[in-house]
Amino acid sequence: MSPAGDPKQLEVFVKRKAFRAANGGQREVLRDFSLTLEAGKIHALVGPSGYGKTTLLRIIIGLDRDFEGHVTLPPQTRIGMVFQEPRLLPWRSVLDNLKLAAPEAAEPDLTKLADDLGIGDHLHNFPGELSLGQARRVALARALAITPNLLVLDEPFVSLDEVLARRLAGEITTLVERTRITTLLVTHDIDEAIRLADHIILLGHRPAEIVGNIDVTLPRRAMTADYAAKTKAQIGAILAETSV
Amino acid sequence: MLLRLLSLLLLIALWQAASMVADSRLLPPPLTVLAVIGREAHSHALYFNLGTTLARVAVAFTLAMLLGTIFGIWMGRNATFNRLGDPWLVILLNLPALVIIVMAYVWLGLTDVAAVLAVALNKFPNTVVTIREGARALDPGLEEMAAVFAMPWQTRLKHVMLPQLAPYIAAATRAGLSLVWKIVLVVELMGRSNGVGFEIGSAFQLFDVSLLLAYALPFVGIMLAIETFLVQPFERHVSRWRPKAA
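Quick mapping for you: the protein sequence lines, in order, are chains P and U. Numbering-wise, the numbering used here comes out as the position in the first sequence, counting from 1, plus 1061. Numbering-wise, the numbering used here comes out as the position in the second sequence, counting from 1, plus 184.
Hints are computed from structural coordinates only; laboratory data are not their basis. Mixed in with the good hints, there may be bad ones.
[As the list claims (entries may be wrong)] Capping the alpha-carbon separation at 25 Å, the derived lysine to any residue pairs in SDA-like fashion look like this:
hint, chain 1, residue 1, chain 2, residue 2
1, P, 1293, P, 1216
2, P, 1160, U, 427
3, P, 1076, P, 1093
4, U, 342, P, 1184
5, P, 1160, U, 342
6, P, 1160, U, 325
7, P, 1160, U, 339
8, P, 1160, U, 327
9, U, 342, P, 1183
10, U, 342, P, 1172
11, P, 1291, P, 1302
12, U, 342, P, 1168
13, P, 1160, U, 347
14, P, 1173, U, 332
15, P, 1160, U, 322
16, P, 1291, P, 1253
17, P, 1160, U, 425
18, P, 1160, U, 328
19, P, 1160, P, 1173
20, P, 1160, U, 338
21, P, 1173, U, 343
22, U, 342, P, 1154
23, P, 1160, U, 326
24, U, 342, P, 1157
25, P, 1160, U, 420
26, P, 1173, P, 1225
Excised from the complex, chain U in its bound form (with noise of 0.2 Å):
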């Protein structure tokens, strides 16, 4: 913990080093975005656009893992499924994210809807690839004995299968936060008038550097404080059955 923070701050110092070399318009120094954040706090703006984007983030996230885990076990699970889905997947997967962005827009008009279902379209796939994985992998000796001691299938789900599957869904949990919340503020910034994109597309037809990073950082922040207060927790209390490493 104590090496996170020592190296948070070489970042910012280096941060300060470089703007000190280079124009303060191109590269403000740290003082100078915190300044415009505690600007854009004062009037509030801060706090809605980052609701809206963490709110959007939530709904495509949430909305990419449920359908994606449930189709990852059915794949895994499911071998004529598997072939059937496959090709599909595959589209998916190489489907530019600006495709997706586009066609949702032309289709459903420019609204949240819109926004949020091209960004769980994105992360969608993904998800499915990394628990087909895991469903690939569940003990069948397991399944066995919970067949033949008949156990109702929310037991089957909650302390059979879930539990195998845990660490594909921290991973994919992991690699979808970072890939949902970049997306969202594409799909701001082509669509969208409000949120961190917007105002990021703001920043830029200004070339304002502070407001773009007085944006782009405190949503790093939050992101970070997810990942370490809410997902590696959950990880460790998924695993702490292991038997710890020496």
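Same shape as in the complex, but just chain P (with noise of 0.2 Å):
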């Protein structure tokens, strides 16, 4: 954890980022774009599929590299990464998989923090004797255990049913507002990212760029049935807007 009074900012510019495409030309995903996550804050980034969500996840976790910009971290970022897909490795059991991504971690630590995400029975099994949903909370818990100071979360809620996504999204909640993690959530759900952010970034066009910026004044807990409802009003109204 990042110590008190280091609001260390992370910041991701992008002048350009292209694919190959199959015909030999280039198609330009992200061009001038460029995003700041404050610490401690849940910061969520919706958008339609293919609009370049995950291919600037994947430039701010490292994995894409071919890319003109930079991405700046604050020094000695811990990234916890959730996958779309759980991308646990099925031959070793759960608590191995905790294990090998957070090798400094204790023990009753990992027991503790499975525990609290209720999957402290399935230790000793293997993923594959998991469903969707406990693999979810797996992969979760392997995200944590490494005490990031970075959370980014990859639709982690997606062909979850209705009643498991909100009781994973309100774990996910308690668990960042404890230990206040600056997190990124990438999500194409309007309502998944007013029920759990602090800011909302929104994404449009083609090559991508940020069409809005909101604010949640009343972020999780605070938030009323009213005031999410404006603010649904709100995104629906600049979305209707850049779409024209």
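Using the hints, put the two chains back together into the complex; each one sits in its own frame.
Okay, structure coming up:
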């Protein structure tokens, strides 16, 4: 965890990112794109699929270095990543999956973390014996096990049923509020973003640009139904305006 | 297991029946062969020759598997290296075992080093081809996960890559053991003065089928035991995470 009074931010600037298309041409995904994440806040990156969300995310976590621009991370950033698919090692037990990602973590801490996320009974199971919801929790536990100072979640609730998704979202909220980890949540679900985030960043156009930047002044538990509806209307208006 | 045993007994019964029809010099009955095995064991010649051959098999097999796995992974993951290495691989695959053996003996002399190298070189390309398939099928998602979580290379090798290659390694092992021991016998026949291959060569010159079988069968037994008690348990162990088929 970063020491108190260390408001180091994460900054991303992508001058240009393009993919080679099959016809030999180039498809630009990002151009003159910049993004700043505030320490200790939950940021939701919202936009329809195919608008460079995943590309941006891969650039931030260092998997894609083939772009013009730069990513500035606070020193000693440990990235806790939750991929869209759980990406667990199927041939290692749940506990070993956690240990291999976080070799320095003490076992009681890992057990405690697993208990908090409701997978304490499955530590000695193989990932293939879990449901998708459980596997997602293990992936989340793995990301948190390394005591990250940046938590990145790529569509963590996709293809979970409504009840499960809400419960997992609640658990993430509790954990992030307690530990104040800078969080980047990538999602296409506007309601989810409103429920969870301090800031909502709306992506639109192609190459992608930020079409809206919304501060959620009554985040999470402070949220009222009225405020949520208002925010949603505001987002809807921005999206309607830019899609013309 | 019971069925396997039963099928083995059936084979011995068939052998007994056939030996009663044929001339006993051409196909001696099982008990005669057993007696020769006993005789050879008593003089310790059997153990010495089996041990010698087994040692050659072990060294040649280990060498071929180790190098074959390294090159297989390398070629499966690097397109340039694959294009460079592929013609060599095709040449090596299609070079007759006999040619490699003779060349090794001509260049290196009638030594154990030449013998073992010739055998390893025969097995090596098969290992590369099998492991290369496995390396091509590695899951890029898990590799990215390992990169994001900054896993050290030892962890990536042991916990991310090798478990994915395990079925391919098991296949290469199985095919390799039988190939290697067959070629070791040829190498021994041609250029060594001990080992099961050499003894079989002597048996051929004396037209002694009992002696031939007395050396061949214990060795087959050993290979069967290795397969049953080493290779299969290893396979079960590395695939224990797979959901059991109904």
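Is the straight-line distance between the alpha-carbon of residue 342(U) and that of residue 1183(P) 25 Å or less? With Cα atoms ~23 Å apart, residue 342(U) and residue 1183(P) stay inside 25 Å; holds.
Hinted pair residue 1160(P) and residue 420(U), Cα distance within 25 Å: holds (24 Å)
Could you grab the alpha-carbon distance between residue 342(U) and residue 1157(P) and see if it respects the 25 Å cut-off? holds (13 Å)
Are residue 342(U) and residue 1154(P) close enough, with their CA atoms no more than 25 Å apart? holds (14 Å)
Straight-line alpha-carbon gap residue 1160(P) to residue 347(U), limit 25 Å: The hint holds at about 17 Å.
Pairwise hint evaluation, residue 328(U) against residue 1160(P), where the allowed Cα distance is 25 Å at most: With Cα atoms ~17 Å apart, residue 1160(P) and residue 328(U) stay inside 25 Å; holds.
Against the 25 Å threshold, does the CA-CA distance of residue 1291(P) and residue 1253(P) hold or violate the hint? holds (15 Å)
Given pair status - residue 322(U), residue 1160(P), alpha carbons within 25 Å: Measuring from Cα to Cα gives roughly 22 Å; hence the hint holds.
Does the alpha-carbon distance linking residue 1076(P) and residue 1093(P) stay inside the 25 Å limit? Holds, at about 4 Å.
Check the hint pairing residue 1160(P) with residue 327(U) against an upper bound of 25 Å on the C-alpha distance. holds (17 Å)
Measure nothing beyond the straight line between the CA atoms of residue 1160(P) and residue 427(U); if it is 25 Å or shorter, mark the hint as holding. Holds: residue 1160(P) and residue 427(U) sit about 22 Å apart, inside 25 Å.
Between residue 1160(P) and residue 339(U), does the CA-CA distance stay at or below 25 Å? Holds: residue 1160(P) and residue 339(U) sit about 11 Å apart, inside 25 Å.
Comparing the model with each numbered hint stated earlier shows that all of them hold.
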